[in-house]
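Read top to bottom, the protein sequences are chains V and Y.
Reminder that position 105 of the first sequence reads as 105 in full-length UniProt numbering, one-by-one numbering, no gaps.
Reminder that position 196 of the second sequence reads as 196 in full-length UniProt numbering, one-by-one numbering, no gaps.
If you are wondering where the hints come from, they were derived from the structure by calculation, not from laboratory data.
Intra- or inter-copy, both count: the list cannot distinguish identical chains.
With a straight-line cut-off of 27 Å between C-alpha atoms, the simulated DSSO-like cross-links for lysine-lysine are:
#, residue 1, residue 2
1, K212, K286
2, K286, K213
3, K286, K258
4, K212, K252
5, K213, K284
6, K252, K214
7, K214, K284
8, K284, K212
9, K258, K214
10, K286, K214
11, K94, K284
12, K213, K258
13, K286, K94
Keep in mind the model is a prediction, meaning the values are calculated, not measured.
Protein chains: 2
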Amino acid sequence: MALLSVLTPVLAAILCLVVGFLFMKSRETSSTSKTKVVASKVESRPWVDQDLQDDTEITAREGEDADWVDSHEEEDLAHVPYSPSRYPEETMLKRAQDFYTLLNQRRSVRFISPEQVPREVIDNVIRTAGTAPSGAHTEPWTFVVVSDPEMKHQIRMIVEEEEEMNYRQRMGDKWVHDLAKLRTNWIKEYLDVAPYLILIFKQTYGILPNSKKKTHYYNEISVSISCGILLAALQNVGLVTVTTTPLNCGPKLRLLLKRPINEKLLMLLPVGYPASDATVPDLKRKHLDDIIVHI
Amino acid sequence: MALLSVLTPVLAAILCLVVGFLFMKSRETSSTSKTKVVASKVESRPWVDQDLQDDTEITAREGEDADWVDSHEEEDLAHVPYSPSRYPEETMLKRAQDFYTLLNQRRSVRFISPEQVPREVIDNVIRTAGTAPSGAHTEPWTFVVVSDPEMKHQIRMIVEEEEEMNYRQRMGDKWVHDLAKLRTNWIKEYLDVAPYLILIFKQTYGILPNSKKKTHYYNEISVSISCGILLAALQNVGLVTVTTTPLNCGPKLRLLLKRPINEKLLMLLPVGYPASDATVPDLKRKHLDDIIVHI
Chain V
1 MALLSVLTPV
11 LAAILCLVVG
21 FLFMKSRETS
31 STSKTKVVAS
41 KVESRPWVDQ
51 DLQDDTEITA
61 REGEDADWVD
71 SHEEEDLAHV
81 PYSPSRYPEE
91 TMLKRAQDFY
101 TLLNQRRSVR
111 FISPEQVPRE
121 VIDNVIRTAG
131 TAPSGAHTEP
141 WTFVVVSDPE
151 MKHQIRMIVE
161 EEEEMNYRQR
171 MGDKWVHDLA
181 KLRTNWIKEY
191 LDVAPYLILI
201 FKQTYGILPN
211 SKKKTHYYNE
221 ISVSISCGIL
231 LAALQNVGLV
241 TVTTTPLNCG
251 PKLRLLLKRP
261 INEKLLMLLP
271 VGYPASDATV
281 PDLKRKHLDD
291 IIVHI
Chain Y
1 MALLSVLTPV
11 LAAILCLVVG
21 FLFMKSRETS
31 STSKTKVVAS
41 KVESRPWVDQ
51 DLQDDTEITA
61 REGEDADWVD
71 SHEEEDLAHV
81 PYSPSRYPEE
91 TMLKRAQDFY
101 TLLNQRRSVR
111 FISPEQVPRE
121 VIDNVIRTAG
131 TAPSGAHTEP
141 WTFVVVSDPE
151 MKHQIRMIVE
161 EEEEMNYRQR
171 MGDKWVHDLA
181 KLRTNWIKEY
191 LDVAPYLILI
201 FKQTYGILPN
211 SKKKTHYYNE
221 ISVSISCGIL
231 LAALQNVGLV
241 TVTTTPLNCG
251 PKLRLLLKRP
261 INEKLLMLLP
271 VGYPASDATV
281 PDLKRKHLDD
291 IIVHI
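Chain V with its partners taken away, still in its complex shape:
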């Protein structure tokens, strides 16, 4: 009995350690398997992305650069005069109206013609996208242009498999309901048909000569801006695309395309001429008064 009275506290101490260990474990998993946690959140509250967006924004602003200065690398970069061409007011107005007319004809098109498109045009379009500003001039983008039929098909297989899973399992009722309305499904024929698939990767960080990581300020916003310029450049040459962000395919596609670990897929754009029988939903855009506020 005396022996027992000595042992009990020891056993109790061990029990404490076990309890503590279990809590540690549960904390680890809660952080590592964030994805699942959030996914379930999403099912219960479809607009949770808005809350998360807040976190993102705050953390982004805390950690990143306020001003998209033009250079980051050089210790002391020379400044040179900048005097671009200036147009008379009438010309400005004309150019503004013409550019609006051109871009207002842009639509997301899922029916893409298999006809070949000159590669030089695509190169120029991407060269143009590369003129976008980026946080601290990190230019954190990689444009993977896929024209190889076999590779295009492998991409389609990955995207459709994930999409079907998303449609069937991952998404909450609301999401599925939205889809019903959207009349979309997971068959993406254009991934085989389009002469080019442009996969746009954001470089979430860079690698310095000393092999340390280099911060890529606002890399997602920067690459998205670049995509906007790319869409304008495509419209300017009469090519069409549909802006897609393949759900959960990023890692698989990154491996398939042999992109490094610091690159993450942001968008996938099938590019080509519109099919002769292409159709688009008869949607309207907001009026200027609904998107602009003058003060």
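Position chain Y relative to chain V; hints supplied.
Relative to chain V, chain Y alone:
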């Protein structure tokens, strides 16, 4: 002694509960005060934003729409033929090259002329930005165009105050070191001088007629794409700007400009003609081969 041997396990049990409670507490705080945690993280690991970006991406993809379908509202939207103008190959090439030449002249310019710019030009530029695609065609953007001198000055005061705090306190050594290299400071004269300040808000969610929240899929990416088109439209008319994302000023500026709670400031663009003595850092852009991969 016998009594003690009975009590010891009880005390041990209580001790276990205390330990457990402490772990619970620490978990709560770690989740609720995410911002602080991250902020300090940032100081120690400047590239932490990259890790966070991952979370963002995953959660976004889990919660949102994969395909940027053209409409979201109508139950059964009619589809109409789409046959935009098509150019011969030589014309495509010419247009692609000309557009690249135009946009390659774009630079972030901090020296903006106070000269007036026709408001109709600005309206057309924003109308053009409004043609951007958006997740489920939510068009989640608001462009606040400020030309009132007093309001511009208030904006400058808010931005400069926050910037100075950021420069002095919030940022880690690395950040400050970067700044030294960047030779920027928190004086933003262009906020007074530029004839227009365009503040671009992302609508993190919408409000349905039944006053429920409406999910705005990929609202930050959508608005960033719209900004890319806006930058192209500005360049097209010979106006300049500098892409800025004011640190931590969002809430104050939102209140100043009387924007609703679902809107968050994404960017602030001072817009005008370049000053006659404007200079820009003599930076180079990556070569095409460094941003494109053909497969």
